[in-house]
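*Asks:* Listed below, chain by chain, are the residues.
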Amino acid sequence: MPSSVSISISHMGATALLVQSGGPLSVDVQSRYWAYDQACKALEGVVETVLGMHSLLVYLTPDCDPMRMKVELEQLWQRTKPRQIEGRLVEIPVIYGGETGMDLSELADSCSLSVDEVVALHSEPDYVAFALGSQPGFAYLGGMNSRLTTPRRAQPRLSVQEGSVVIGGAQAGVIAKTSPSGWHVIGKTELSFFDETKQSPSLIMPGDRIRFVVQELIA
Amino acid sequence: MIEISAPGLLATIQDLGRPGFGSLGVGRSGAMDALALRIANAMLSNEETAAGIEITLGGFECRILEPVDICLAGADCKAMLDGKPLPRWWVQSLRPGQTLKMGFCTSGMRSYLAVRGGLNVPEILGSRATDMKGGFGGLEGRALQRGDRLAALHKATLSPPLAFGLSPTIWQSLFESTAIPQPLHFIPAAEWGDYDRENQTLFTEQAWQISQDSNRIGYRLEGEEIIPMERKELLSHGILPGTIQLPSSGKPVIQLADANTAGGYPKLGVVIEADLPLLAQARLGSTVRFVPCALEEAKAATEKQNRMLDEIRTCAAFHLAP
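Listed in order, the protein sequences are those of chains A and B.
Heads up, the first sequence is in this note's numbering, so the first residue is 1328 and it goes up one at a time.
Heads up, the second sequence is in this note's numbering, so the first residue is 4 and it goes up one at a time.
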């Protein structure tokens, strides 16, 4: 039963609370946070929520008593059932390797796989967007094959282009805004992940399923 | 309208930030010393959310192309109007042809140039603050450059010209840090209890030096390492400006206005909002201390600042009323 998942609630300054559960990451726990996120937004005294991995940061109004809200948040968690978000299926065409996927062969070597195998394993599953964070439109994706797990680069790159398809540790992702990154770049997509002028600025939302489609492999 | 002749080290358009989009990975941005910008806006009878220019360590210079009413706030940037010193916490009408030129800040880090009506740049996701990581907000999502022209949302029409300010005796007590650096108050966060008394004391008793590679994203602190009783791997969770993280180096990092929306390092605490302006003005290489505080103290500190702003707003409105 979901109610067996425990939470801890801590202060983040005088007007915010952080609700967290431990790992390992699971869609079941995260889907309860998706529902909890929606429910918290409706509480009086809550101005904003920020979804994380198995966590929710809750911003309070200046006059809200955090001690009272702690109790309310604990009770709300007990009542919250996981929300099965159907989510949209977002297909991401990827050009693997080449100049815009410069770490592909090195990553293949370190995983003791061929380049073809890496591409096959990476483009096989439907990933789940657990949460967004770190940069506008960047989604933390769960569901990567554990054979592709690779520690982050010892020396982060100062600039990684937006649209870069990346692997960092056990996570897959796509860089949404050109920025420094220590993740391995294995390919490139032309899709735009964040457009601040749109009504819904982010291409991916929590609960969406992501599928990488091989557009080309430059060996 | 003004035209920038020199932006200095870093000049960006900022307001009180962009709340509400953390769940999309959009940071809050906004003025590092929000109190200084709020005071400048209050003195001009602007809305709280009006955008101004945040200037780092002075060196900013602009020409006036159309009449504009301004107020300078924050760090002493040795501003000169046509070669004559222009005080801070002072409202002044500027005429076309005049030149505002700043020297090098010798105390404090960030000065604010607010204009009556606020700066006219597009509102993106509810704010005019520059988000350099996102590449939007402010002027084209970037730092200001030589040649940029900025106008106020409302044209200055007031006559006679304005020239009034806060009494220096007031700002001495209200806005200047004293000779002995004030400790920064923080509210202990989730992992504070993972450190034994000895390491907690090491954090609060030590004078931490602000490292040179500190910026609007965060301040790195140098000092004697803090060691947790057990090392934890945390999942990424929401963080906010003021969050004091402890990476495995054992040296704290304080997240500030341009902080990431999410992080996974253990958290010692969160610096209270009322003290973030002190941090924003603390110079790289200088030292800061920390003292834990209760929720009530944090609330009282915020309310005190709000009362002060109300007073300033009332005085300015009285002065500006036709």
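Some hints could be false.
To be verified - Here chain B is said to cover these stretches of chain A; the calculated rule only asks that three of the stretch's residues, wherever they fall, bring their Cβ under 8 Å from a Cβ of chain B:
(1) 1340-1346
(2) 1401-1407
(3) 1456-1467
(4) 1519-1533
FYI, nobody ran anything at the bench for these hints, they're computed from the structure.
For glycine and all other residues, C-beta sits at the position ideal for the given N, C-alpha and C.
*Asks:* Each hint needs a verdict: does it hold in this structure or not?
*Replies:* Status of the hints after comparison with the structure:
1. For the stretch 1340-1346 of chain A, the stated coverage by chain B is satisfied: 5 residues place a CB nearer than 8 Å to a CB of that chain, which reaches the threshold of 3.
2. Taking a C-beta to C-beta cut-off of 8 Å, the stretch 1401-1407 of chain A contributes 0 residues in contact with chain B, too few for the three needed, and the coverage statement is violated.
3. A stretch counts as covered by a chain when three or more of its residues have a beta carbon under 8 Å from one of that chain; for the stretch 1456-1467 of chain A and chain B the count is 9, and the coverage holds.
4. Counting residues of the stretch 1519-1533 of chain A whose CB falls under 8 Å from any CB of chain B gives 6; the rule of at least 3 is met.
In summary, the one numbered hint that this structure violates is 2.
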